[in-house]
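**Q** Chains C and Y, in that order, give the protein sequences. Sequential numbering of the first sequence, starting at 0, is according to numbering that gives the first Met the number 0. Sequential numbering of the second sequence, starting at 0, is according to numbering that gives the first Met the number 0.
Take the hints with a grain of salt, since some may be wrong.
Treat identical chains as interchangeable: a pair holds within one or across any two.
In silico BS3-like pairs for lysine-lysine, Cα to Cα no more than 25 Å straight-line [said to hold, decoys possible]: (1) Lys69 with Lys14; (2) Lys285 with Lys71; (3) Lys152 with Lys350; (4) Lys25 with Lys283; (5) Lys285 with Lys211; (6) Lys152 with Lys345; (7) Lys152 with Lys25; (8) Lys111 with Lys216; (9) Lys211 with Lys25; (10) Lys283 with Lys206; (11) Lys221 with Lys14; (12) Lys152 with Lys69; (13) Lys3 with Lys71.
Derived by calculation from the structure, the hints in this document are not laboratory data.
2 protein chains.
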Amino acid sequence: MAKKLDVLFAHNEEKAKAFLGRIEGKKPLFICTIATTETGKIPGLSAAGANPDFTDFTPPADAELLLLGKCKSIQGVPITPDGIPTPGLITMSALHLADIPVLVVNGGVKVKPQIPYVDLGGNSGRDIRTGDSVDNVEEVVERAKVLGQQLAKAADYLVIGESIPGGTTTALGVLSALGVEAEGKVSSTLPLNPHSLKSEVVRAGLKAAGEKFGSLKNNPIKAISCVGDPMMPALAGLVIGAVRQSPVLLAGGTQMTAVLAVISALDPIALCNVAVGTTRWVTKDKSSDITGIVRQFCDVPVLAADLDFEPSTYPGLRIYETGLVKEGVGAGGASIAAMAKSGVTKDQLLKEIERNYASLMSLK
Amino acid sequence: MAKKLDVLFAHNEEKAKAFLGRIEGKKPLFICTIATTETGKIPGLSAAGANPDFTDFTPPADAELLLLGKCKSIQGVPITPDGIPTPGLITMSALHLADIPVLVVNGGVKVKPQIPYVDLGGNSGRDIRTGDSVDNVEEVVERAKVLGQQLAKAADYLVIGESIPGGTTTALGVLSALGVEAEGKVSSTLPLNPHSLKSEVVRAGLKAAGEKFGSLKNNPIKAISCVGDPMMPALAGLVIGAVRQSPVLLAGGTQMTAVLAVISALDPIALCNVAVGTTRWVTKDKSSDITGIVRQFCDVPVLAADLDFEPSTYPGLRIYETGLVKEGVGAGGASIAAMAKSGVTKDQLLKEIERNYASLMSLK
C-alpha cells in the first residue's frame with residue numbers, strides 16, 4: 000500500500016485489510032439498488048424524506064442524483080424532515096472524483112426513476128405489519144444472480160448500495176426471523192433512534208405471519224416475503240451471482256447485516272468474497288451496533304470511510320457529526336471505493352461534497 | 000497483430016483495420032437491445048418468428064437465450080417459419096467462448112423478458128403505416144445516452160446488437176425519411192427479400208405522416224417517431240453516450256445503417272469511434288447492399304465475421320450458407336468481439352454453435 004487510505008477497519012481487521020488490498024487500484028462498478036415500502040411510511044420510523052409520503056420519491060430521486068448530478072422526480076434533493084440533505088450527495092461526489100461508473104437496479108419502487116434502471120421484476124413492498132411484505136422474492140433473487148454474474152465479468156469488483164426508506168426496520172424484521180439478535184442494534188437516520196417502535200412493528204409483522212424469532216432460520220426467502228423489503232432479494236442475488244468472479248463491497252450500514260444473514264442462509268460460501276463498507280458515523284454510533292450483529296453469524300469484515308464533516312463551512316453538513324443520517328445510498332462504500340481506486344482523501348472528498356452541496360442547495 | 004483473425008473488411012478497409020487493432024485483446028461488454036413493433040407482424044415482412052404474432056416473443060426469448068443459455072418465454076428457441084434457429088445461437092456461442100458479459104436493454108417490447116433488463120422508458124412500436132410508430136423518442140435517446148456514458152466507463156468497449164423483428168423495414172423507413180437511398184438495399188431474414196412490400200409499407204408510412212423522401216433530413220427524432228422502431232432511439236443514445244469514452248461496435252446488418260444515419264444527423268462527431276460489425280452472409284448478400292447505404296453519408300468502417308457453416312454436420316446450420324437469416328441478435332459483431340478478445344477462430348466458433356444447436360434443438 001503506497002500510502003495510508005482514509006479507511007478504518009471496524010470489524011475483523013485482518014480480513015478487512017486483505018479485502019482493501021484486493022480492491023486497491025482496481026476498477027469498480029457502483030450499483031445503487033432502490034426500493035420502497037409502506038413500512039417506510041409508518042410515522043416516526045424513517046427520516047429518508049421530508050415527510051412519510053415523500054419516502055416514495057426518495058429512492059428514485061437518489062438514483063437520479065447519482066446518474067444526472069441532479070434529481071428529476073423532485074425539486075432539489077431528498078432531505079430529512081430537518082432539512083438535512085441525502086447522503087447520496089456523498090456518494091455522487093465520491094463516484095465523480097474517482098470516475099466510477101454507476102448502474103441503478105430497481106428492487107421494487109412505487110415511483111419509477113426517470114433514468115435508465117435495471118428491472119428485476121420486483122414490486123414495492125407492503126407494510127411488514129401485514130406479515131406479507133414482499134412479492135416474488137425467489138424470482139428476484141434468481142434474476143439478480145444472473146445480473147450479478149454478468150456485471151462481475153464487466154468490472155474488477157462491485158460496490159452495491161441501497162436507497163430504501165425504513166430499511167433498518169425491515170432489516171430488524173428479517174434478522175429476527177432468521178434468529179439474529181438485532182433489537183436495539185440497528186441504526187437510524189433520526190437523531191433519536193426509535194428502537195421500541197421498530198421492535199413493535201417487527202413483532203406485529205412476525206405475529207401476523209404466524210412466525211416468531213428464529214422460526215425462519217432455514218427459510219430466508221420466506222423471511223423476506225413476510226417481514227423484509229424488496230431491496231433484500233436484489234442485493235442477495237447480486238452478491239451470490241457475483242462473488243465467484245469478483246469481490247463485492249456491500250455499501251451500507253446495519254441494513255446490510257440483514258442481506259448478509261440472508262446470504263449466509265442461502266449460500267454461506269458466497270460470504271468469503273464480501274466486505275461491508277460503511278461510514279465512521281455508523282461504526283462509532285452508540286445507538287446501534289453493526290459489528291454486534293455481524294459477529295453473531297459470520298466473519299465478514301467491516302470497513303468504514305473515515306469521513307469527517309467537522310471542518311465544513313456548511314452547518315447542513317457539519318450536522319452529520321452529531322449522528323444524523325449517518326449512511327445511505329452507499330455513501331460509505333462509495334467513499335472507500337473512491338479512496339481505493341484513485342487515492343482520494345477525506346479532505347478532497349469533503350471539498351467535492353461542499354461544492355455539490357452548495358450548488359444543489361443553491362447556496363451560491 | 001499476432002495472427003490473422005477471421006474478420007473481413009467490407010468497407011473502408013483502412014479504418015476497419017485500425018478499429019480492429021483498437022479492440023484487440025480488450026474486454027468488451029455486449030449489449031442486446033430488444034424491441035418489437037406491429038410493423039413486424041405485417042404478413043410476408045419478417046421471418047423472425049414462426050408466424051407473425053410470434054414476433055412479440057422473439058426478442059425476449061433471444062435475450063433469455065443469451066443470459067440463461069435457454070429461453071423462458073417460449074419453448075425451444077426462436078425459429079423462422081422454415082424452422083431455422085435464431086442467430087442468437089451464434090451470439091451466445093461467441094460470448095460464451097470468450098467469456099464476454101451481456102446486458103439486455105429494453106428499447107420497447109410488448110412481452111417483457113423473464114431476466115434482468117435495463118428499462119429506458121420506451122414502448123413497443125406501432126405499424127409504421129400509421130405514420131406514428133414510436134413513443135417517447137427524445138426521452139429514450141436521452142436516457143440511453145446516460146446509460147452509454149456509464150457502461151463505457153465500465154468496459155473497454157461496447158458491442159451493441161439488436162433483436163427486433165421487421166427491423167429492416169423500419170430501417171428503410173428512417174433512411175428514406177432522412178434522404179438516404181435504401182430501396183432495394185436493406186437485407187432480409189427471408190430467402191426472397193420482399194423489397195417491394197417493404198417499399199410499399201414505407202411509402203404508406205411517410206404519406207400517413209405527411210412526409211416524403213428526405214423531408215426529415217434534419218429531424219431524426221421525428222423520423223423515428225413517424226416511421227422508425229423503438230430499437231433506434233436506444234441504440235443511437237447508447238452510441239452517442241459511449242463514444243467519447245470508448246469505441247462502439249454496432250453489431251448488426253443493414254438495420255444498423257439507419258442507426259448510423261440517425262447519429263449522423265444528431266451528433267456526427269460521434270461516428271468517429273464507431274464501426275459496424277456484421278456477418279459475411281450480409282456483406283456478400285446480392286439482394287441487399289450495406290456498404291451502398293453507408294457510403295452515402297459517412298465513412299464508418301464495416302467489418303464482417305468470416306463465418307462459414309458449409310462444413311457443419313447439421314442441415315439446419317448449413318442452410319445459413321444459402322442466405323437465410325444472415326444476421327441478428329448481434330451475431331456478427333459478437334463473433335468479431337470473441338475473435339478480437341480471445342483469438343477464437345471460425346472453426347472453434349462453429350464447433351461451439353453446433354454443440355449448443357444440438358443441445359437446444361434436442362438433436363442428441
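**Q** Indicate, hint by hint, whether the structure satisfies it.
**A** Hint check:
1. Lys69 with Lys14: neither (37 Å within a copy, 39 Å between copies)
2. Lys285 with Lys71: neither (36 Å within a copy, 49 Å between copies)
3. Lys152 with Lys350: Classified as between: cross-chain Cα gap 24 Å, same-chain 33 Å, threshold 25 Å.
4. Lys25 with Lys283: Classified as neither; 28 Å inside a copy, 43 Å across copies.
5. Lys285 with Lys211: neither (27 Å within a copy, 71 Å between copies)
6. Lys152 with Lys345: between (30 Å within a copy, 24 Å between copies)
7. Lys152 with Lys25: both (13 Å within a copy, 13 Å between copies)
8. Lys111 with Lys216: neither (33 Å within a copy, 34 Å between copies)
9. Lys211 with Lys25: Intra 43 Å, inter 53 Å, cutoff 25 Å: neither.
10. Lys283 with Lys206: Cα proximity of Lys283 and Lys206: none, with 33 Å in one copy and 69 Å across.
11. Lys221 with Lys14: neither (31 Å within a copy, 56 Å between copies)
12. Lys152 with Lys69: Result: close only across copies, 20 Å inter versus 30 Å intra.
13. Lys3 with Lys71: For Lys3 and Lys71, neither the intra-copy (38 Å) nor the inter-copy (50 Å) Cα distance is at most 25 Å.
Violated hints, in rising order: 1, 2, 4, 5, 8, 9, 10, 11, 13; the structure is consistent with all others.
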